[in-house]
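Following the hints, position chain B against chain A.
This is what each chain is made of:
Protein chains: 2
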Amino acid sequence: MIGDEILAGKFADENAPFLVGELRALGVDLRRIAVIPDDRAEIGATVVDFSRRFDHVFTSGGVGPTHDDVTMEAIAAAFAVPVEVEPRLEKVLRDHWGQAMAPANIRLAHVPRGSELVGDDPIWPVVRFRNIHILPGVPTLFRRKFASIRELFRDRPVTERRIYCRAEEGTLAPRLEVAVAEFPACKLGSYPRFEETAYRVMITIEAADAALADACATRLRALLGDLVVDLPG
Amino acid sequence: MIGDEILAGKFADENAPFLVGELRALGVDLRRIAVIPDDRAEIGATVVDFSRRFDHVFTSGGVGPTHDDVTMEAIAAAFAVPVEVEPRLEKVLRDHWGQAMAPANIRLAHVPRGSELVGDDPIWPVVRFRNIHILPGVPTLFRRKFASIRELFRDRPVTERRIYCRAEEGTLAPRLEVAVAEFPACKLGSYPRFEETAYRVMITIEAADAALADACATRLRALLGDLVVDLPG
Numbered sequence: 352m353i354g355d356e357i358l359a360g361k362f363a364d365e366n367a368p369f370l371v372g373e374l375r376a377l378g379v380d381l382r383r384i385a386v387i388p389d390d391r392a393e394i395g396a397t398v399v400d401f402s403r404r405f406d407h408v409f410t411s412g413g414v415g416p417t418h419d420d421v422t423m424e425a426i427a428a429a430f431a432v433p434v435e436v437e438p439r440l441e442k443v444l445r446d447h448w449g450q451a452m453a454p455a456n457i458r459l460a461h462v463p464r465g466s467e468l469v470g471d472d473p474i475w476p477v478v479r480f481r482n483i484h485i486l487p488g489v490p491t492l493f494r495r496k497f498a499s500i501r502e503l504f505r506d507r508p509v510t511e512r513r514i515y516c517r518a519e520e521g522t523l524a525p526r527l528e529v530a531v532a533e534f535p536a537c538k539l540g541s542y543p544r545f546e547e548t549a550y551r552v553m554i555t556i557e558a559a560d561a562a563l564a565d566a567c568a569t570r571l572r573a574l575l576g577d578l579v580v581d582l583p584g
Numbered sequence: 352m353i354g355d356e357i358l359a360g361k362f363a364d365e366n367a368p369f370l371v372g373e374l375r376a377l378g379v380d381l382r383r384i385a386v387i388p389d390d391r392a393e394i395g396a397t398v399v400d401f402s403r404r405f406d407h408v409f410t411s412g413g414v415g416p417t418h419d420d421v422t423m424e425a426i427a428a429a430f431a432v433p434v435e436v437e438p439r440l441e442k443v444l445r446d447h448w449g450q451a452m453a454p455a456n457i458r459l460a461h462v463p464r465g466s467e468l469v470g471d472d473p474i475w476p477v478v479r480f481r482n483i484h485i486l487p488g489v490p491t492l493f494r495r496k497f498a499s500i501r502e503l504f505r506d507r508p509v510t511e512r513r514i515y516c517r518a519e520e521g522t523l524a525p526r527l528e529v530a531v532a533e534f535p536a537c538k539l540g541s542y543p544r545f546e547e548t549a550y551r552v553m554i555t556i557e558a559a560d561a562a563l564a565d566a567c568a569t570r571l572r573a574l575l576g577d578l579v580v581d582l583p584g
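Heads up: the sequence lines are chains A and B, in that order.
Under our numbering, the first residue of the first sequence carries the number 352, and numbering increases by one thereafter.
Under our numbering, the first residue of the second sequence carries the number 352, and numbering increases by one thereafter.
Hints were generated in silico from the structure; no laboratory data involved.
Predicted model only: the values in this text are computed from it and were never measured.
Treat the hints with caution; some may be incorrect.
No distinction is drawn between identical chains; accordingly, a pair holds when it is met within one copy or between any pair of copies.
[As the list claims (entries may be wrong)] Under the rule of at most 25 Å between Cα atoms (straight-line distance), these lysine to any residue pairs were calculated in the SDA-like manner:
{"hint": "1", "residue 1": "Lys442", "residue 2": "Ala498"}
{"hint": "2", "residue 1": "Lys442", "residue 2": "Leu563"}
{"hint": "3", "residue 1": "Lys442", "residue 2": "Arg544"}
{"hint": "4", "residue 1": "Lys361", "residue 2": "Arg391"}
{"hint": "5", "residue 1": "Lys442", "residue 2": "Gly465"}
{"hint": "6", "residue 1": "Lys361", "residue 2": "Arg495"}
{"hint": "7", "residue 1": "Lys442", "residue 2": "Ile457"}
{"hint": "8", "residue 1": "Lys361", "residue 2": "Pro490"}
{"hint": "9", "residue 1": "Lys361", "residue 2": "Gly372"}
{"hint": "10", "residue 1": "Lys442", "residue 2": "Arg481"}
{"hint": "11", "residue 1": "Lys442", "residue 2": "Thr510"}
{"hint": "12", "residue 1": "Lys442", "residue 2": "Val509"}
{"hint": "13", "residue 1": "Lys361", "residue 2": "Arg551"}
{"hint": "14", "residue 1": "Lys442", "residue 2": "Tyr515"}
{"hint": "15", "residue 1": "Lys361", "residue 2": "Gln450"}
{"hint": "16", "residue 1": "Lys361", "residue 2": "Val434"}
{"hint": "17", "residue 1": "Lys442", "residue 2": "Asp506"}
{"hint": "18", "residue 1": "Lys361", "residue 2": "Arg494"}
{"hint": "19", "residue 1": "Lys361", "residue 2": "Thr569"}
{"hint": "20", "residue 1": "Lys361", "residue 2": "Thr491"}
Chain A with its partners taken away, still in its complex shape (with noise of 0.2 Å):
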């Protein structure tokens, strides 16, 4: 999320949360998101870093025609090439202001050199560098953009349990202890909450498989015994 506007509370950031539902219907393992300022040094050093550690990269804004808008400029000097003119871009917007387009909106059609267009959006489709998926931050058109490459990233959704627990955290830990020691390749999570009232610990169970995280469930049941709470529905 490339934003001076998020990280100073001028605009509550929707695109984040977006892509976590988006991500998460999809099957894709989310590892990191970061929100940093519009600043060509910051964008590139991230954009260069996550590029390597991760399969596929999105960002969020900088990519309209104003003096803040850097993102194309900065990934483009972090990998070292030159931003230029995408031809099938340039027609959209000519063809959409003719005559009247401002000078400045040329830049709306700058990609660093070596992008593909993706998705399938037949007007305007979305810039990819690498593996970074360059989105608008404006919230209407970064859901638009993102719904016009999801079919993309499609993969096979983890398979979910939870457990309703009314004992606090430090009497289940040892119990969690041996199913985490005995189902290591599925993901436990233990989260407290102070203020619900029919419970006091969520555990979640995650596991590739639906066979895998009912096992793992069925034996945390059983050690947790009575402890553990049905909530009705």
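Leaving out everything else, chain B in the frame of chain A:
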């Protein structure tokens, strides 16, 4: 923000938006937010990086007694110090639970060696290691803990002025460039919106003092002429 549960979408991240608002009200310039998994190496690398680059660092999450609470160990390991039991925190725990305390809960008193206790909470102070303030992830607790240390960070708030425009960003861009060049001590932001009908772009002007922000706003209004929208209210 440390927590698989945020990245996986099990819980919405309430702490980052809360902190954005608090820091803005305090006049603190927030430079970066990272949301990372409950992973020792990730936590360690991130806190070392942030601790070196920024004046203050706040962490949220991973401080309970279960297997997925690794923040204290990760910070200690990253700075090559051991984790130890903090006597004042241990006393709070033992006074609270007495003989009935589950052994795992002693982990709630674990801190990296060299930590201090800060803030005005008489019961459970905040653990600070170097410039890293280690806060819990549960939103109600995060808010209460931050409230106990917030006055340590009060700074001089920036002044912000806003100008709303009826033209699109490409038309505004060259005039904004003039103001950016003439007022290097001001930070100008340009934010297009496509859903509001009263204006198309919001421009923000931020400066360390009100006279400078006003001077820049006056100049920019002159440059923009009748592109400025006077919003009621």
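Which holds for Lys442 with Ala498 at a C-alpha limit of 25 Å: within a copy, between copies, both or neither? Classified as within: same-chain Cα gap 23 Å, cross-chain 53 Å, threshold 25 Å.
Is it within, between, both or neither when you check Lys442 against Arg544 at 25 Å Cα-Cα? between (54 Å within a copy, 23 Å between copies)
Between the shortest in-copy and the shortest cross-copy C-alpha distance, which are at most 25 Å for Lys442 and Leu563: within, between, both, or neither? Answer is neither; intra-copy 52 Å and inter-copy 41 Å both fail.
Which holds for Lys361 with Thr569 at a C-alpha limit of 25 Å: within a copy, between copies, both or neither? between (47 Å within a copy, 21 Å between copies)
Same-copy or cross-copy closeness of Lys442 to Tyr515 [CA-CA at most 25 Å]: neither (56 Å within a copy, 29 Å between copies)
Alpha-carbon proximity context of Lys361 and Gly372, limit 25 Å: both (23 Å within a copy, 9 Å between copies)
Can you give me the call for Lys442 and Val509, within, between, both or neither, at a CA distance of at most 25 Å? neither (42 Å within a copy, 42 Å between copies)
When Cα atoms must be at most 25 Å apart, do Lys361 and Arg551 count as within-copy, between-copy, both, or neither? between (35 Å within a copy, 16 Å between copies)
Between copies, within a copy, both or neither: which fits Lys442 and Gly465 at Cα up to 25 Å? Within. Shortest intra-copy distance 18 Å satisfies the 25 Å Cα cut-off; inter-copy 61 Å does not.
Is the C-alpha distance from Lys361 to Thr491 at most 25 Å within one copy, between copies, in both cases, or in neither? Intra 17 Å, inter 24 Å, cutoff 25 Å: intra and inter.
Checking an output row: Lys361 and Pro490, CA cutoff 25 Å. Within, between, both or neither? both (14 Å within a copy, 22 Å between copies)
As a check of your reading, is Lys361 near Gln450 (CA-CA no more than 25 Å) within one copy, between copies, both or neither? neither (34 Å within a copy, 50 Å between copies)
The structure fails to meet hints 2, 11, 12, 14, 15, 16 and 17 from the earlier list, while all remaining hints are met.
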